[in-house]
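Participant: Listed below, chain by chain, are the residues.
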Amino acid sequence: MSMLQQYGTLFGLIIGVIGFVLSLFVITRLLGKARQEPGKDVPATGGQLSRDPVWVRYHARYYGYALLFLAFDMEMAYMYPWAVVYKQVGLTALLDMGVFLLILFLGLLYGWSQGAFRRQ
Amino acid sequence: MTTLLVLLLLAIGVYLLAVLENWIANGRFQLTAPAYSAIALLGRESVIPRKPDLLFFEVGPVLLLIAALLAAAVIPLSPDLIIADLATGALFLNAALAYILVALIMAGWGPNGAYAMIGGWRFLGQLVAYAMLIVMPITAVAMRAESLVTTDIVFSQAGLWNIVYQPLGFALFFIAAMGLAFLPPFDLPTAKGELAGGVEAEYSGVRLAIFRLGRMVLIITLAGATATFYLGGWQGPLLPDWIWSAIKIMLVTAAMLMVGKYVPRIRETHLLAWCWKFGIPLALLNIFIVGILIVVIP
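Chains as they are written, first to last, in this note's numbering: chain E, 87 to 206; chain S, 76 to 373.
Where hints are given, some of them may not hold.
[Unchecked claim] Below, simulated DSSO-like cross-link-like pairs (lysine-lysine); rule was C-alpha separation at most 27 Å, straight line:
| # | chain 1 | residue 1 | chain 2 | residue 2 |
| --- | --- | --- | --- | --- |
| 1 | E | Lys-126 | S | Lys-352 |
| 2 | S | Lys-126 | S | Lys-352 |
| 3 | E | Lys-119 | S | Lys-352 |
| 4 | E | Lys-126 | S | Lys-126 |
| 5 | S | Lys-352 | S | Lys-336 |
| 6 | S | Lys-336 | S | Lys-267 |
These are computed hints drawn from the structure, not numbers from a lab.
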């Protein structure tokens, strides 16, 4: 199969799932209609509406990790092409990437020493 | 044609998973139970909570199913039995699985309910913990296979399976895969008995059925990824290759479910701390060891 056909198949998969879901919705609609009753649509908070609004700013207590995660996630973008050619290039590749990873790893150790790995 | 065959096998796998989950959780082996609960869910009303973000509420479960299915598309059951044998298969798997987070955040934000919201945000923290432990072991696998094509990765394990070649990578990937599928010790976003179902709390009826289906496809996909990357995929003696894939996938699934039965739920703080203090140094060590092994024993 050519590349384009494969991506076509994947796109077809997405369309297929949407069609499947819509047909399920149609089937449940055909099974019968639900009665409208007051209080049915209250979210699961002990039968009462919650006192405070739900859509508020949320304290991301893991933000120390999140910042380091960004650095490591960017690094992974370089790791994949490197991994594919690793066998051809050999030990030089390991040293090249080793230096890069060492710097990142030192950053991780520094973050650890500064208390980034704590619930803030 | 291949696509339909793979989807059929996937559907059978999902059904078996539902039977297995029921068996492990309740101790009862009932082959018909998942069918009855599916019919029951379709027969029930699907309540829409008041003042929702309707777009997020509707798209969440569907996106979960789409992301899990797209990831399943690059898992080979045999050299030919694969939906899309992409040149960037292992990377595509990661890209598709990244949308699991988006789906859960949508399902958490959409219904405008407190428990769902907490569940959704919790999963964001969980992503920061497990994500590196998914991608780093896959890098080590790609180093050995010299390719990101999933079928090539299986062929590279002809002599020796990766579970023997890089056991550390397998252990990390297995744990991270459980975290990604929010299976019991890591079921922070749904947390039964703590968040009243978390992101699932506001869903009922047909929407809940779609959500659960997506989650089960996700579990099967991750078991398939584990089998492909570490257990030699379809390779095995005597039996046809796709049966070997099926056996391995079901065994990995059973192992994942069994672990959850005996381990208490982990706290998000501990999950983050352990993943970053131990998991990532170990994952880097794994890449280093594999790098040395490839140079020493080609």
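Participant: Taking the hints in turn, state whether each one holds.
Facilitator: Consistency of the hints with the structure:
1. For a cut-off of 27 Å, the pair hint linking E:Lys-126 to S:Lys-352 is broken: about 46 Å separates their Cα positions.
2. Restraint check for S:Lys-126 and S:Lys-352: the C-alpha separation of about 42 Å exceeds 27 Å, so the hint is violated.
3. Pair hint E:Lys-119 plus S:Lys-352 does not hold up; C-alpha atoms about 53 Å apart against a cutoff of 27 Å.
4. Note on E:Lys-126 and S:Lys-126: the hinted pairing holds, with a Cα-Cα distance of about 13 Å set against a maximum of 27 Å.
5. Restraint check: the Cα-Cα separation between S:Lys-352 and S:Lys-336 comes to about 26 Å, which is no more than 27 Å; the hinted pair holds.
6. At most 27 Å may separate the alpha-carbon atoms for a hinted pair to count; S:Lys-336 and S:Lys-267 meet this at roughly 14 Å.
The structure is inconsistent with the numbered hints 1, 2 and 3, although it conforms to all the rest.
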